[in-house]
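Please take these sequences and the hints and turn them into a complete structure.
Protein sequences appear in the order of chains A and B.
Here our numbering is used: the first residue of the first sequence is 1, the next is one more, and so on.
Here our numbering is used: the first residue of the second sequence is 1001, the next is one more, and so on.
For the record, the hints were derived by calculation from the structure and aren't laboratory data.
Mixed in with the good hints, there may be bad ones.
Under the rule of at most 20 Å between Cα atoms (straight-line distance), these lysine to any residue pairs were calculated in the SDA-like manner [stated by the list, open to error]:
id	chain 1	residue 1	chain 2	residue 2
1	B	K1023	B	F1059
2	B	K1452	B	E1421
3	A	K239	A	A135
4	A	K239	B	G1108
5	A	K239	B	P1078
6	B	K1258	B	M1467
7	A	K239	B	H1109
8	B	K1053	A	A233
9	B	K1053	A	K239
10	A	K239	B	G1129
11	B	K1403	A	E228
12	B	K1452	B	G1322
13	B	K1403	A	R227
14	B	K1053	A	H231
15	B	K1053	A	A232
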Amino acid sequence: MSLGPAATGAVQAGSPHRDRPQTARTARAGGIDLMIRVGAYVAVAVVLGYFSVAAHGFFSLSNVVNVVEQSAILGILAFGMTLVVIAGGMNVVSGGIDLSIAANMGVCAAVFATSINAGVSDPVAVALTLGAGLAIGAVNAFAVIGLGVLPLLATLAVMNVCIGAELVLTQNTVISAASPLISLMSSGTFLGISVYAWFLIVASALFIVLVQYTRWGLRLYAVGAHREAAHAAGLPIAKYQAASYVIAGLCGSLAALLSVARLSGSSPGANDNLLPVIVAALMGVVFSRRMVPTIGGTLLSALFIGFLANGFQLINVSSYWVNGVQGLLILAVVSMTSLTKRAGT
Amino acid sequence: MTATSRPPALSMRGITKAFGPVKALADADLRVERGTIHGLVGQNGAGKSTIIKILAGLFRPDRGTIEIDGEPQTHLNPRQVEARGIHIIHQDRLLVPTFTVGESLFLGHEGGFGAFGLLNRRRMQRQAGEALRRYFSGIDLPIEALIADLTTAQQKIVQITRALLNRPSILVLDEPTAALNKGEVDTLFTTLRGLRDEGISVIFISHYMQEIENLCDRVTILRNGKDVGTVDPRTTPIGDIVAMMIARDIKEMFPGRKRKIGAPALEIRDLTVKGKFEDVSLSVRRGEIVGITGLIGSGAKEFLQTIYGLRRADGGQVLIGGKRVVIDTPAKAVAHGVALVPEDRRSHGVALDLSIRENVTLSSLSRYGSMGFIHAGRERSGVDALIGELDVKAAGREVLVRKLSGGNQQKVVLAKWLSRESSVYLLDEPTVGVDVGSKVEIYQLLSRLAEKGAGILVLSTDLIELMGICDHLVVLYRGRVVAALRTAETDTDDVLKWATGAQASTRPDMPAATMPAS
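Below, the structure is given as structure tokens:
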């Protein structure tokens, strides 16, 4: 209370909130963050610990390698999703999300398989596939940034277009494909590590550098976390957000290459990957100090989901349960993040 | 001061800007010399923010010329403005909550931190530390901390440091001290004086006249879109500056007190919340405005919250209209005709993204409809009447509250409760961040409410305000009532002594429960 008789003329001289520091986030919210983070690690440890006891050979080298290989497709798709979430913000309704990314993989796999079967050379087929993925990403970017459609709806629509396009190309059948590249990818190894695993390792490294260690990555976070602040800092928000969708599209087509190699062709049902991809991207948040999506967190989550599915298999639980568990994980993660947000305001 | 031969750092002349029929600026001049701190004051709506937005390149003036360092500028856009060395620190803290201090300082200007777009985080953090030490030495600001974990004051400092890193020639600060405490304000002022001595011009917008007096070399007063004077605040009495702002004598700000005092509307007996306040008693009669004040930690705020059911009392009684009631939730308070106007209106008082109409009728929809349906016509005319009565300055009842000034937002909060016709009003710092003109209107409104028979309890730390509007004043010190005074028989000095504990409570017989009769 800085008011005294000297201030008689000063209508606003009293500044009542002077002595009251306002913390933007209460200590309690910080505590919740910590609890969630520790809780996440403990939960992961408990689940993996249980399987290591209950499922014979769960932590054997061959099984771990197997899980990593199986997780490559999920991981790469989830990286694309993570970028979109970073750039679009974590708001569950209006934030960034790419629901078309798994269906994108499906149609790209169909493009790859059919073009190989049409007698196209490997490099051309790869170029066509990646081009298809980029095009789908560009359509998403145009719908979200150009037309201003909510990402949730825009990418849902594009997802349906992708599913339709895949059906047109494949007539809902398995299309086998064989080529030198496909056999190299499915059976090749380097330093004793399979091509699938290499894909995941290299993609993780590239994305970690891009997102966590470059100016571009820092700005991507700014754009998603506080649009006005990014704008005030002179950043072209639209370009960053558009880029995230295009890169996600590219991730869809890269995953398609792996999927064709793994299944020796294109096969229906690619869109079943959507749920685990969302889980991996959102669950990754709980592994970061700032409670934001990170590539490292997404990678951990993708591997965790891989181990979960694998563990269920080993202890002979129907794989149908895995779907339910993933749904619960989404619910848990989303409610946790909204819990911290609420405590934070 | 600069030699007269050098052109001023900034010269805006004859600036006129209209929004539809409303003239925000009419032939306004602003001339800022190099190496000076130049205050800009005026009521909300006087044109302060419009002239700053024109300078920022966000609005284009209808007429007028702008010269920076003597060079005429045409069609300023935000990027050019920055290139000319003008940096504006807006009231909103535009910082990314999940970023560290270092990242926030350099976002958008990370360049030079490594090749290929790679970030050199270590260097970034080091330079951030150097910058903070240079401009805000003595303020503890961990550079690894996340923005979300900082106090609003610390965030403000980050924002200012961010602008200073760009070596501005003109720095514009829009209400920078609103969230800072005394020590932080002093540090900021030292920094600004240092910048001035380096030849940087500072434009400083504030509602706090003492700050203008302490800091500024010149001050330009805006009223109704026109500059009505540029004076030296160190030699011009503050009263004169305020008079120029409002074109009215300060004594006229407060409404006369010719109210009829009736039966007790609110009686509090020995209310206690352990650790916050103890055995606090007071009564507010119909037609009476009672003030309650105290330093931070006096328990006054908690006391108000307890009456409204936001806190659970550990003991004591609350009587409304003579009847004993138990209020342990805000819903019960509302049901008993008790209204609370909270201090932080942005987070508690109004829904920013709803219209004025929706905000006003939100808690009283039943009055405007039947069987769950809203009678739109009745609602519209009711809201229009309240907007008119409170003189809310807006283009219409459908305007989003977010777009209103602080004073007008506060009026919407008041309108919301008026629309319920409560019998007891609790107000927590009703005029914080509100311009002088709106303050006067709020005072008049409170006075009218009392005239209509409501009992009003105002918590404020603005003693002039309390002396001006209240009949009685209760002073809390460390959770206890130390004085119950009639405002007619005391002065701010006396109240301040009680509130700060300088005057020990040596009157155990002081009947706190019963106010001196008027």
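A quick look at each hint next to the structure:
no.: 1; hint: B:K1023 x B:F1059; in the structure: holds (14 Å)
no.: 2; hint: B:K1452 x B:E1421; in the structure: holds (10 Å)
no.: 3; hint: A:K239 x A:A135; in the structure: holds (16 Å)
no.: 4; hint: A:K239 x B:G1108; in the structure: holds (14 Å)
no.: 5; hint: A:K239 x B:P1078; in the structure: holds (19 Å)
no.: 6; hint: B:K1258 x B:M1467; in the structure: holds (15 Å)
no.: 7; hint: A:K239 x B:H1109; in the structure: holds (17 Å)
no.: 8; hint: B:K1053 x A:A233; in the structure: holds (17 Å)
no.: 9; hint: B:K1053 x A:K239; in the structure: violated (26 Å)
no.: 10; hint: A:K239 x B:G1129; in the structure: violated (31 Å)
no.: 11; hint: B:K1403 x A:E228; in the structure: holds (16 Å)
no.: 12; hint: B:K1452 x B:G1322; in the structure: holds (18 Å)
no.: 13; hint: B:K1403 x A:R227; in the structure: holds (19 Å)
no.: 14; hint: B:K1053 x A:H231; in the structure: holds (16 Å)
no.: 15; hint: B:K1053 x A:A232; in the structure: holds (13 Å)
Going down the numbered hints, you'll see the structure goes against 9 and 10, while the others check out.
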